[in-house]
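Based on the hints, put chains B, C and D in the right spot on chain A.
Protein chains in written order, with UniProt numbering: chain A, 1 to 378; chain B, 1 to 332; chain C, 1 to 247; chain D, 1 to 291.
Don't take every hint at face value.
To be verified - Derived DSS-like pairs (lysine-lysine); straight-line CA-CA distance at most 30 Å:
id : chain 1 : residue 1 : chain 2 : residue 2
1  : B       : K136      : A       : K149
2  : A       : K316      : A       : K59
3  : B       : K315      : C       : K135
Calculated directly from the structure, the hints in this document are not laboratory data.
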Amino acid sequence: MRSGFFAGLLLATVSATAAFAQGAPIKLADVAELSGGGATVGNNWKNGIDLAIEEINAKGGVLGRKLEVTHADSQSNPGVARAQVQKALDNEPYVLLGPGYSGSVKVTSPLAAEAGIAQIMGGEAAELTQGGNKFLFRTSFGQQSSMPKVAKYINDELKAKSVAVVWVNNDFGKGGRDVITKEFAKYNIKVAADLSTEAGQADFAADVSKIKAAAPDAVFIYLNEEESARILKELKRQAVTVPLMGETTLVGQKVVELAGDAANGARGHVGLTTDAPVDLVKAFREKFVKKYNYVPDHNGLKGYLAIYMIKATTDKMGKVDPKAFADTLHGLTIKAANEPGILMDVTFDEKGDIDRQGFLVEIVEGKQVVKQVLPKLN
Amino acid sequence: MTINGKYWRIALGIAVIAALIIVPMNFNRYGLYILSQWAVMTIAAMGLNLTLGYAGQVSLAQGAFVGIGAYTAAIMTTQGLPLIAALGVAIVLCFAIGWILGYPALRVQHHYLAFVTLAFSTLAFLVFRNEDWLTKGIYGISGIPRPNVLGFATNRPLPFYYFCLGSLAIVSLAMWWLIRSPWGRAFVALRENPVRALSLGIDTRRYTLMAFAIGSALGGVAGTLYAPLTQYIDPVPFNLSLSLDLLMMVIVGGSGFFFGPFLGAMIAVLLPEWLRFTQGYYLMLYAVAVMLLLIYSPTGILGILDRYLAERRTKAASALRAVAKSRLETAP
Amino acid sequence: MTAVLEVTNVKKSFGGIKAVDGISFDVQEGEILGLIGPNGCGKSTLFNCILGQLAPTDGEVKVDGKVVTGLRPSELNRLGVSRTFQLLQVFPKLSVRENLILAGQEHQGNMMSRLFGPSDAGLSAAADQMIGFFKLDHLATEAAGGLSYGQQKLLDAAMAFMGGPRLVLLDEPAGGVNLTMLGDLKERLAAINREKRATFVVIEHNMEFVMSLCTRVMVMAEGKLLAMGTPAEVRANPAVIEAYLGH
Amino acid sequence: MSNLLDLLVAGLATGAIYALVAVGFTLLWQTSQTINFAQGEFVMLPAFLMLAVMHAGAPFWLAIILGILLSLLLLGLGFKLLLVDPMLRHGVLPLAIATMALAIGMKEAVKQFFSAEASPFPSIVPAGDVSILGRVISLQSLGVLALAIAVVIGLTLLLNRTSIGHQMQATAQNPTVARIIGVPVERMILLTFLINAFLVALASLLITPIYLAKFSSGEVLGQAAFIAAIVGGFNQVRGAIAGGLLIGVVDNLAAAYVSTQYRAAVPMVLLIVIILFRPQGLLGRPEERTV
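Isolated chain A (complex conformation) (with noise of 0.2 Å):
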């Protein structure tokens, strides 16, 4: 037993041989939530940066060389992620990719830090990037730059003065409660009720009854897809008529899918989704339907764009070098005109936070309806 692990172990070590050899394989190392609570997440993710890596090999690659990806599973749970990520960096790789949860980012990031490795990851918390990090990107929006475009939108179009906060009691649920309610405070709107709910919560029926005796003018619902599709469901049984808000998961496909007419009139903001009215996220949507059999969400999104902001970076300086990458990346302008795969302009600044355009949509029967399309910043 024992000397087949230690011989396991040597061998993994071997194996980490020259990366980095002309017309090798570029090697990446991708570390996400493949099983446990987030693997809706992190298989999302794997998948569109499998989509788009077999895209970029098909055309011959980047600089000629190939992409290669090694998948790795966090378990969902940031002392895993911690190890794999650990392992991946002693392969050398070229770029890693992941995790998706915001805890298992802030445990893997010093690691990258340290390792000088660029890692391009799928978390939303806002304080990733405000530790001075030098490596660390996002794929979308964090949430210190989604909630204030939410608490604009429910103060000057819905002219809401009490909202009611309902947030799933994870790092992702609790992290936008926090920014929103922060947000909430300068247009002195009043949080007539905070309602924390568990993940796999299938009972809203308490909350949405707290709702109604709180009376707010508005709902704000920050939930995974499966528990906003069963709170709107029942707080359209429950007969609440006041104006739905919601960030991204709120309007997603996937919650029209599973609650029906419920979800009708829900409103958001979204960053990312495959309903933008943007030809090639559509093109994007079908190809990932063709592969994979069905609609993904914005994880499947951020992880096909992580793949091409590689591609760009690289294309842009020329060679593959891991050490000037997080360097290039920084303050990049990548557009869509020119490189195809990025779906929309985009553009990094200092602290590898991103900067590109977002959508006010609703739910109007079933469809996703743009209603406002907030312009990228510069």
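For chains B, C and D alone, coordinates are given in the frame of chain A:
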């Protein structure tokens, strides 16, 4: 056991210990991390093995005790207190809570006990997550420092691994002492036949509570090592699934065998590595393997080994007896 | 002579069924009292009530003049009351010596000395003496589970004596033991009774065993005391013959 | 006050689901000392079996029939023959641990062979609402409640009025004696496994339209059902029903009046209190301990 067998076992033991010290010197950071994780999980599983394997009390709360230990270490060391102080607090805390949690074990057995401890596990998770003022809630505690041991900094992976290995060695020696002491004998009696144990003057209540308390305290010890190992903790790793994982480790390795947790933790920590070629199927295969193992041998892998050795011994003994008998019969 | 055990009006019912229905008797120091009766007459239940394994519905039990009803079996054992069970109750995975040390260890020192003191609680010599006494010498390091039935029965009895008890309750010590072994067992019990002034209460179906070992015999039927006397008296009692030979 | 009434109704509807799942759980315990830690997953799986049949092109009604048959085969017969029978001789605890492994295996299998994503599931009850005494109640909730009541009545009749029921009760109380008086004990035990499989399939059919089909949806349900069974009384069918309804109501009231952050704690505390002070459960018979 013959003298030869004894020497052979001592030699094997020394070889394994030497290998654990020398071989990892060339390991990369990941290898060291995995080995450190193995040492930490082994300590937690040893605690559960005492409660479950020796004393026969099922617990689904070991993960929660690892959590209590980890939070104690994280909170205290980020305040600048030394890890050794945190260790002391964690042991006392887990021992006391384990003692209290043992009380239901005096009233109920088996499945009821499983559910009491399961409930405790859930409650502990909720406290970790909801009490922001203490645990920083779902955001977790980051920047947990690694300790200085006898003047040596353990920031680098190799020294920290030796720190974990040293802790494991100390815990193993203490455990070895415990199970060879009259207490260990009383624990086994408790598991095998509590009625008879009572009639021999064994205070089964006190020993049951002790088994719970000591087992839980070891969970706390594992937790105080886990925190500086990952240097970041949040409530998620300490949910029910850690308790289930630890239970599986004890069962798979061999519950009630001293080396069971070592083996079980090794399989659990390294199995994803071995079964990587199976991609997403590995947990499924693991589950099936555990079921098959339990059907074949409810005392785990070491149980199979033990049975094999016992059979050989019985065969040898009955052969001897047959020889002796034939001599008697042929005697004039 | 003082009464080592005094049982006064002990009753035990399960639901509506009276398993033990008002039994009183006492046992003098050094006595060997036989307890016989048909199956299901409440003998073992009475044992369990005396020993605290079952709480009696009513009545009182005294050991050496001290009321012990309500004490736990372990506490009683440490007061010097020991027992064996009808079915074999040795610890099969422990060796013969370990079984005996286990049986004696709670009578030594305290919790702390049992943790930090020597592994055998200082009982190796005593255990080996007991092993010698019961003629199990060649088996000292064997796992108890590997012994023959008769040997395990001897061990079971030996364990009851490890704590140096004043009073021992034996539940069918002769059941399933072959003739040679039976002789050994009887002789050993008699020897302990003689040498250590230990007092016995013995449940047994083997009449020959009871009649030759015991100084006094008590007969139970349907939860009640039917007869009490010397072996000869009991043997001649018509009510006893009636109960044994059927209605 | 109207709020409270709403919560009670919602709690009863959820509780009826827990009760359905808990009933089979107690049946298995009574006849064969099986603690099924995979009971929640047993409810999760039939929905996927039905979905798989539908994906193959079959209409919904056929999928229901085949789904129930497959459940009887896999979760009834297969579970008993392949796991319980070979494990039972090892005792209660190893079997319980084996079912924990089974739960993991089932979740992973569904995730790998079906999907990690939630899927919608058609409802056999029309999706409308009815208004009773001014309360809006969904037909789905009413359906679950009605079925739970039907199951209690049906099971009670079966157990108390039929000879099979008497034989099952005899098996549950004392298999050895039952065997001596000529009860086909093995067949009775198998029957309880089949009844359990049927109940979980029914529960799956009713719950999945509300809870959605997802590999992990059994976790919450299984735990709630265990708690319901213990709180109500492990050895009584009506105990499991009462426990289920109670847990459903308590959970909803806790969310409304205690704290949403700690709502999951309240049933757990209830469980601990019950085990400490009334281990046989609210309606259970005490199990005579031989010690």
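Structure-based check of all given hints:
no., hint, in the structure
1, B:K136 <-> A:K149, "27 Å, holds"
2, A:K316 <-> A:K59, "18 Å, holds"
3, B:K315 <-> C:K135, "24 Å, holds"
Hint compliance for this structure: no hint is broken.
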